[in-house]
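Colleague: Working from the sequences, and respecting the hints, build out all of it.
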Amino acid sequence: MGEVSRFWRESVHRYRLMGNQCGNCKRIFFPPRDVCPICHRESIGKMKDFTLSGNGTIESFSVVHDVPPAFTRQRPYIIAIIRLDDGPSVTGQIVDSDPGEVEMGKRVTSVFRKVAQEGESGIIEYGYKFVLA
Amino acid sequence: MSDVYIIGAGETKFGELWERSLRELAVEAGLKAIENAGIFSRDIQVLYGSNSLAGIINGQENIGALISDFSGIAENHIPAIRVEASTASGGAAVRQAGLAIKSGEYDVVMVGGVEKMTDVYGSEIIDLTSSVLDREWEAFFGATPASLAAITARKYMADFGVDKEALAMMSVNDHLNASKNPDAQFKNRISVEQAMGATPVAEPLNLMDCSPVSDGAAAIILASEKYVKKNKIDGIRIASSADAQDYLAVHSRKSLYALDSARIAGKSALEKAHVKLDDISFAELHDSYSIYGLIELEELGFAERGHAKDLVFDDIKLGGRIPVNPSGGLKAKGNPFGATGVGQFVEAYRQLKSKCGERQVKGAKYALLHSMAGTGSMSVVHIVGGE
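Here the protein sequences come in this chain order: A and B. Mapping of the first sequence onto this note's numbering: position 114 corresponds to residue 114, and the numbering continues sequentially without gaps. Mapping of the second sequence onto this note's numbering: position 207 corresponds to residue 1207, and the numbering continues sequentially without gaps.
Hint data in this document are derived by calculation from the structure and do not stem from the laboratory. Don't be surprised by glycine CBs; every beta carbon is placed ideally from N, CA and C. There's no promise every hint is true.
[What the hints assert, rightly or not] With a Cα cut of at most 30 Å, we get these calculated DSS-like pairs of lysine-lysine: (1) Lys-1276(B) to Lys-1187(B); (2) Lys-106(A) to Lys-1309(B); (3) Lys-1254(B) to Lys-1309(B); (4) Lys-1272(B) to Lys-1362(B); (5) Lys-1276(B) to Lys-1317(B); (6) Lys-1232(B) to Lys-48(A); (7) Lys-1317(B) to Lys-1102(B); (8) Lys-1013(B) to Lys-1187(B); (9) Lys-1317(B) to Lys-1164(B); (10) Lys-1229(B) to Lys-1353(B); (11) Lys-1317(B) to Lys-1229(B); (12) Lys-1254(B) to Lys-1229(B); (13) Lys-1365(B) to Lys-106(A); (14) Lys-1013(B) to Lys-1362(B); (15) Lys-1013(B) to Lys-1353(B); (16) Lys-1365(B) to Lys-1187(B); (17) Lys-1362(B) to Lys-1180(B); (18) Lys-1353(B) to Lys-114(A); (19) Lys-1276(B) to Lys-1254(B); (20) Lys-46(A) to Lys-1254(B); (21) Lys-1155(B) to Lys-26(A); (22) Lys-48(A) to Lys-114(A); (23) Lys-1267(B) to Lys-1032(B); (24) Lys-1267(B) to Lys-1155(B); (25) Lys-1164(B) to Lys-106(A); (26) Lys-26(A) to Lys-1254(B); (27) Lys-106(A) to Lys-1155(B).
[Unchecked claim] Residues from chain A that face chain B, not an exhaustive set, calculated with beta carbons under 10 Å: (28) Arg-14; (29) Phe-29; (30) Phe-30; (31) Ile-38; (32) Cys-39; (33) Gly-54; (34) Thr-57; (35) Ser-60; (36) Ala-70; (37) Ile-82; (38) Gln-93; (39) Gly-119; (40) Gly-122.
Modeller: Put into structure tokens, the structure is as follows:
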């Protein structure tokens, strides 16, 4: 599932946790949006890049056993929804941590990692994951 | 505006149907519905096809033409359109078909839902079904439909002090009802212990919390009030229809367990039908994962937030206060995405005609049918029944 341009296009957002901020209501979004879902027309042309700190709290998580082919070598892995200190929540893996230590409410910080590989000769996709802080 | 009536319904068996193709399934369900309605294929004025994933699973798009052609009606030259709304495609297609009748343009409409999911090997289906999520910001990082339901389940259980046993009871109920449904994928009853002790899929959810990979098709014939009266047909009325959207990704929603789409569509459907929850004889819920069944009971108004656990041990059983999924639901009747929502209408039609034998809901008058996309990005709710 993927052509190079699809991953290349989002690389700046995935490598640097780059979201954006509505110039009208100041809400921060990740991933970036062209239109603020609160301010609608008032936000058009006022959405400004915003780099998130990567620090946040585990809202909830799952230990995934039935995984898609691109993730076979990581099985089982922990996928979580993280509430970032800057406002938005993101979906990402928690790695380099003892699964027994992972709990809702614990602090995490983002790291830059290989996310998946499209087969033996396919492109390697990078992005953010999280580690316990 | 015309009322809309179901005048015929048919479906294939749901399951792992290795020997059956996408088109064969669609045609079987369609012919059964036509036969059941007592009409001829030439009476159908437009066909709405419901399908979610044929493009990536079977390499087949242009589903409207495929179904109409192999149903033998190509030379009737009627329009045939595919409706795609992920796992809510079925409910969405029925709603579009009903609106087409209400507009006055058509009097007899067919809705056919189909999905052929076993045509891929092993874990490939997990990647393909993950296309109902946000591919770039959920699935890219390894989130699957099951893992997002699991994330919701863990948070819900912690916040409201709900045990895993309450989730298991949804699946126990589904299997018990499916054991009485000849069209169901699973006929085996399961115990709470079996439901709780199954192989983990995405903790805290296990295999018995998750709807299976299914093949199947379902079809219904809808007709206008004028047509039903003229031909003296004893149809089943669709009392109302409503749908609502939400954010695509779970992480964008107001909480990890809010299914706003279900709440808003449910409230709207009840209002449009002038029906109260107490009037509902049974509900067919989109319990693709056990946790969703509980949350849907709350969002649709059957229980307060965190209290679906008070319903799942007794009230949702056949003969209980609000029977849930007499068909066997997504867990045990099966979940062939595009057919699932249409299959709910097949069940409602048969229930309201008192043709469900052992799983008949006694004195069934109104059914509430809930079809949901992915992790809750869209819900379609129909109230079926009444005068």
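Colleague: Evaluate each hint against the coordinates.
Modeller: Going down the list of hints, with the structure as the test:
1. Lys-1276(B) to Lys-1187(B): 33 Å, violated
2. Lys-106(A) to Lys-1309(B): 28 Å, holds
3. Lys-1254(B) to Lys-1309(B): Holds - the C-alpha atoms of Lys-1309(B) and Lys-1254(B) are around 22 Å apart, at most 30 Å.
4. Lys-1272(B) to Lys-1362(B): Holds, at roughly 25 Å.
5. Lys-1276(B) to Lys-1317(B): 20 Å, holds
6. Lys-1232(B) to Lys-48(A): 63 Å, violated
7. Lys-1317(B) to Lys-1102(B): 35 Å, violated
8. Lys-1013(B) to Lys-1187(B): 12 Å, holds
9. Lys-1317(B) to Lys-1164(B): 18 Å, holds
10. Lys-1229(B) to Lys-1353(B): Answer holds: Lys-1229(B) to Lys-1353(B) is near 18 Å, not above 30 Å.
11. Lys-1317(B) to Lys-1229(B): Violated, at roughly 36 Å.
12. Lys-1254(B) to Lys-1229(B): 47 Å, violated
13. Lys-1365(B) to Lys-106(A): 50 Å, violated
14. Lys-1013(B) to Lys-1362(B): 24 Å, holds
15. Lys-1013(B) to Lys-1353(B): Within the cut-off at roughly 20 Å; holds.
16. Lys-1365(B) to Lys-1187(B): 27 Å, holds
17. Lys-1362(B) to Lys-1180(B): 15 Å, holds
18. Lys-1353(B) to Lys-114(A): 57 Å, violated
19. Lys-1276(B) to Lys-1254(B): 27 Å, holds
20. Lys-46(A) to Lys-1254(B): Holds: Lys-46(A) and Lys-1254(B) sit about 24 Å apart, inside 30 Å.
21. Lys-1155(B) to Lys-26(A): 28 Å, holds
22. Lys-48(A) to Lys-114(A): 28 Å, holds
23. Lys-1267(B) to Lys-1032(B): Violated, at about 33 Å.
24. Lys-1267(B) to Lys-1155(B): 25 Å, holds
25. Lys-1164(B) to Lys-106(A): 22 Å, holds
26. Lys-26(A) to Lys-1254(B): 18 Å, holds
27. Lys-106(A) to Lys-1155(B): 14 Å, holds
28. Arg-14: 8 Å, holds
29. Phe-29: 9 Å, holds
30. Phe-30: 8 Å, holds
31. Ile-38: The hint is violated - Ile-38(A) has no Cβ within 10 Å of chain B, the shortest such distance being about 12 Å.
32. Cys-39: At 16 Å from the nearest chain B Cβ, Cys-39(A) fails the 10 Å test, so the hint is violated.
33. Gly-54: 14 Å, violated
34. Thr-57: The hint is violated - Thr-57(A) has no Cβ within 10 Å of chain B, the shortest such distance being about 12 Å.
35. Ser-60: 4 Å, holds
36. Ala-70: 7 Å, holds
37. Ile-82: 8 Å, holds
38. Gln-93: 6 Å, holds
39. Gly-119: This hint is violated: Gly-119(A) lies away from chain B, its Cβ roughly 12 Å from the closest one there, beyond 10 Å.
40. Gly-122: Violated, about 13 Å.
Comparing the model with each numbered hint stated earlier shows that hints 1, 6, 7, 11, 12, 13, 18, 23, 31, 32, 33, 34, 39, 40 do not hold.
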